[in-house]
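Enquirer: Using our numbering, the first residue of the sequence shown is number 4, and each one after it goes up by one.
If you are wondering where the hints come from, they were derived from the structure by calculation, not from laboratory data. These numbers were taken from a predicted model, which means no experiment stands behind them. Among the clues, some could well be false.
To be verified - Across the chosen pairs, the derived CB separations fall in these ranges:
1) His66 <-> Ala10: 31 to 37 Å
2) Phe82 <-> Ser60: 18 to 24 Å
3) Ala21 <-> Leu57: 17 to 23 Å
4) Ser29 <-> Ala81: 32 to 38 Å
5) Ala59 <-> Ala10: 42 to 48 Å
6) Ser28 <-> His66: 30 to 36 Å
Just so it is clear, CB atoms sit at the ideal spot from N, CA and C, and this is done for glycine as well.
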Amino acid sequence: MQHNRIAREITRADYNVAASSCRTSSGTVPTLKVIRLSDKRIIYPFQGRADMPLFASAVEAQHYAEAYGWQLVDADIAFPE
4 MQHNRIAREI TRADYNVAAS SCRTSSGTVP TLKVIRLSDK RIIYPFQGRA
54 DMPLFASAVE AQHYAEAYGW QLVDADIAFP E
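The task is simple: from the sequences and hints, build the whole structure.
Expert: Spelled out as structure tokens, the structure:
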């Protein structure tokens, strides 16, 4: 007997976005880790990614990382692997 399963809609709540920053001699670099919680897949960082830009302050760097992280989440929701 086959059961009908209704697929649950994936939302931003199904992801963990951890954004921070790291001070270097050249400036402050955003740090980011994005995980899809359903399968623990790491969405970011990935091999071959571009370097994050430098910022003057930790607050700016963290805001950038958070915004970029949520863009990646939205893209993964729209086009899952």
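Enquirer: If a hint holds in the structure, say so; if it does not, say that too.
Expert: For each hint, the structure was consulted:
For His66 and Ala10, the hinted distance range of 31 to 37 Å is satisfied, since their beta carbons lie about 34 Å from each other. As the Cβ distance of Phe82 to Ser60 is approximately 33 Å, the hint placing it in 18 to 24 Å is violated. Taking 17 to 23 Å as the suggested C-beta distance range, the pair Ala21 and Leu57 conforms, at roughly 20 Å. Look at Ser29 against Ala81: about 34 Å separates their beta carbons, and that is inside 32 to 38 Å.
In this structure, Ala59 and Ala10 meet the distance hint of 42 to 48 Å, their C-beta atoms being roughly 45 Å apart. Distance hint for Ser28 and His66: a CB-CB separation of about 22 Å, inconsistent with the stated range 30 to 36 Å.
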